[in-house]
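S.K.: Each chain, letter by letter, is given below.
Number of protein chains: 2
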Amino acid sequence: MKKIINDPNEVVHDMTEGMIAAHSDELKQISGTTVIAKVNAPISGKVGVISGGGSGHEPAHAGYVGNGMLDAAVAGEVFTSPAPDQVLEAIKAADGGAGVFLVIKNYTGDVLNFEMAAELAEAEGIKVEKVVVNDDVAVDDPSSRRGIAGTIFVHKVAGAKAEQGGSLEEVKAAADKAVNNMRSMGMAMTPCIVPAAGSPSFQLGENEMEIGIGIHGESGIERKEITAADDIAQELTDRVLNDFDFTGEAAVMINGLGSTPEMELYIVNKKVQSILAEKGITVYKTFVGEYLTSLEMTGCSVTLLKLDDELKTLLDARAQTPAFHS
Amino acid sequence: MKKIINDPNEVVHDMTEGMIAAHSDELKQISGTTVIAKVNAPISGKVGVISGGGSGHEPAHAGYVGNGMLDAAVAGEVFTSPAPDQVLEAIKAADGGAGVFLVIKNYTGDVLNFEMAAELAEAEGIKVEKVVVNDDVAVDDPSSRRGIAGTIFVHKVAGAKAEQGGSLEEVKAAADKAVNNMRSMGMAMTPCIVPAAGSPSFQLGENEMEIGIGIHGESGIERKEITAADDIAQELTDRVLNDFDFTGEAAVMINGLGSTPEMELYIVNKKVQSILAEKGITVYKTFVGEYLTSLEMTGCSVTLLKLDDELKTLLDARAQTPAFHS
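Which chain is which? The protein sequence lines are A and B, in order.
Under the UniProt record's numbering, read the first sequence as residues 1 to 326, first letter to last.
Under the UniProt record's numbering, read the second sequence as residues 1 to 326, first letter to last.
Check the hints yourself; a few may be wrong.
If several chains are the same, the list does not tell them apart, and a pair holds so long as it fits within one copy or across any two.
[As the list claims (entries may be wrong)] 25 Å max Cα-Cα, derived DMTMM-like pairs, lysine to aspartate or glutamate:
no., residue 1, residue 2
1, K172, E115
2, K2, E218
3, K130, E310
4, K2, E222
5, K28, E17
6, K2, E206
7, K2, E208
8, K130, E206
9, K28, D230
10, K224, D238
11, K172, E278
12, K312, E10
13, K2, D243
14, K224, D7
15, K28, D7
16, K172, D316
17, K130, E169
18, K224, E122
19, K28, E249
20, K130, D230
No lab work stands behind these hints, which were simulated from the structure alone.
Only a predicted model underlies this, so the values are computations on that prediction, with no experimental measurement involved.
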């Protein structure tokens, strides 16, 4: 296992300390927890926005804590949901009296633990609302669709709405609209290794890729021989376009899963943009980079978010976090 | 070769188009060249700042084109210096009448081609100055030291000085100071594959890493068994500290070479910060991420830049580029 780590069971702890050391002017760790919050959180009268999940998806989610996005992020062990008590700590860290909004990726553990934490918070008098992100069209049944890179758009939209003074209900309405208007599709060429496991959870042949694979290696739609970037971009984009009517304006995200060079992400973007132009879809803004990763997995995903005036304003609003600026 | 590309000989062309498609509000390609310039370059009366080199180091260098950093970047083929005529195009694209400053990494081809371009530009009446970045202490002889991740600090310092209205001589003085005050040291665990070559240029054993290896796979100081992150951080930092007196305030960069998860970079940062604290060096600002990569190489480098008031101001000045915000 070629990793730059100390104790495989301490990677989240070590990472968190290293992150706080790098960004102590912006971030703080809530003592005794795996919660990273804005240095000035909670902000009185503002809706708090939190997210989180298993570690290994950096910069998601703590990299998005900052002005205009998240007030706090809670991290579980690698690819493991954070426990309800930890999520509760994140809610408390973000609670400025106007309620807290939870951005949850649609995985059984995350949904269960965030909902349990929400109940505990409500029992303590904190108003809580949530959205469950399910942008991955690799899964047919929408209720089983996983939350992948599009989650970052939801952080941005919900965070901006809260920053602008939106109520908990208004933040939820904006986030719901983003989730409803968004689809993603990914692929991978090589697996990743969870440090505590020491070996990859799946294997792909030397010339093989998997279309629709999940960010934890969940099985996808098809394993096949590696094709040209243009064909990969076409396949991912087609699947996204076939699932929702994106006519009008859209934001695009080409997300790298960890080891795919930025060069290749831009090569994918070139083709995606030409497909969208052909379809008459106007691209308002494009994001290319590593927004939600799977440790050192190789691969990428394509996300489209259909925009209206409100979503454009929220996307453009100022944000300052370690991993996202606008 | 598991890459998301089309024709291996067209990767730079495809990438450039994909990058312009993503950032057309900020960047433009100079027609018929591999030069990417600020959309409003050249800026009349401002010193132009350019950099460039072989491709494969993304986001270096075009990712740093924008307000407060570079006016233009010129890209060669993967790991290959851009030809003098292309560098000349970058100089012309950045020339607003106050001269153009060249940030060159210390590789034979880059130095030769950028200097030849500078002569051609001067023959056309453009004033040109330059700095050669040689931050890599893996090489003993300072005149042979390679330019690696610290180059991004030089982009920032020179770009900010030019943005503030500094003269060509003032931009050079600030950049020279940054180069003199800066040292880096890197390591790698796995090689990368140049697309047109199709196979790695070097190999490392299953449990082996190389300390001091270059960003194109140039041989380092020592091959040895992989150690804990803390030991790696100690070895890299010691080498940097032993080469220059960093007493006072410093900026730190923990740079990922392409495939190393952000988690691991933060784990390295944790140890680097504790070493610096022990030595009484005050860390003014820390940068953790992929700033100058080697395609999908696994590994990282540690850069220290000793700061004075001028360098702190230049580092803090506003910059807005695809890959760097401050």
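S.K.: Evaluate each hint against the coordinates.
M.R.: Now for the hints, and whether the structure bears them out:
Taking the shortest Cα distances, K172 and E115 sit within 25 Å of each other inside one copy (15 Å), while across copies they are farther apart (57 Å). Proximity of K2 and E218 under a CA criterion of 25 Å is satisfied in both settings, with 23 Å inside one chain copy and 20 Å between copies. In the homo-oligomer, the alpha carbons of K130 and E310 lie at most 25 Å apart inside one protomer (19 Å), although the nearest pairing across protomers, at 47 Å, exceeds that limit. For the homomeric pair K2 and E222, the shortest alpha-carbon distance between copies (17 Å) is at most 25 Å, but the shortest distance inside one copy (28 Å) is not.
Taking CA atoms no more than 25 Å apart as the test, K28 paired with E17 passes inside one copy only; the shortest distance there is 10 Å, against 40 Å between copies. In this homomeric assembly, K2 and E206 come within 25 Å of each other (Cα to Cα) both inside a single copy, at 19 Å, and across copies, at 8 Å. Proximity of K2 and E208 under a CA criterion of 25 Å is satisfied in both settings, with 22 Å inside one chain copy and 8 Å between copies. Proximity of K130 and E206 under a CA criterion of 25 Å is satisfied in neither setting, with 42 Å inside one chain copy and 45 Å between copies.
Taking CA atoms no more than 25 Å apart as the test, K28 paired with D230 passes between copies only; the shortest distance there is 23 Å, against 43 Å inside one copy. With identical chains, the CA atoms of K224 and D238 are at most 25 Å apart within one copy only, with a shortest distance of 17 Å there and 47 Å across copies. When the C-alpha separation of K172 and E278 is checked against a cutoff of 25 Å, the pair qualifies neither within a copy, at 34 Å, nor between copies, at 47 Å. Taking the shortest Cα distances, K312 and E10 never come within 25 Å of each other, neither inside one copy (40 Å) nor across copies (34 Å).
Taking CA atoms no more than 25 Å apart as the test, K2 paired with D243 passes in neither setting, with 39 Å inside one copy and 28 Å between copies. For a Cα distance limit of 25 Å, the shortest separation of K224 from D7 across copies, 19 Å, qualifies, whereas the shortest one inside one copy, 36 Å, does not. With identical chains, the CA atoms of K28 and D7 are at most 25 Å apart within one copy only, with a shortest distance of 23 Å there and 46 Å across copies. Taking CA atoms no more than 25 Å apart as the test, K172 paired with D316 passes inside one copy only; the shortest distance there is 18 Å, against 36 Å between copies.
Within a single copy, K130 and E169 get their C-alpha atoms as close as 10 Å, which meets the 25 Å cut-off; across copies the closest is 56 Å, which misses it. With identical chains, the CA atoms of K224 and E122 are never at most 25 Å apart, being 48 Å at best within one copy and 55 Å at best between copies. Taking CA atoms no more than 25 Å apart as the test, K28 paired with E249 passes between copies only; the shortest distance there is 22 Å, against 37 Å inside one copy. Taking the shortest Cα distances, K130 and D230 never come within 25 Å of each other, neither inside one copy (37 Å) nor across copies (39 Å).
In summary, the numbered hints that this structure violates are 8, 11, 12, 13, 18 and 20.
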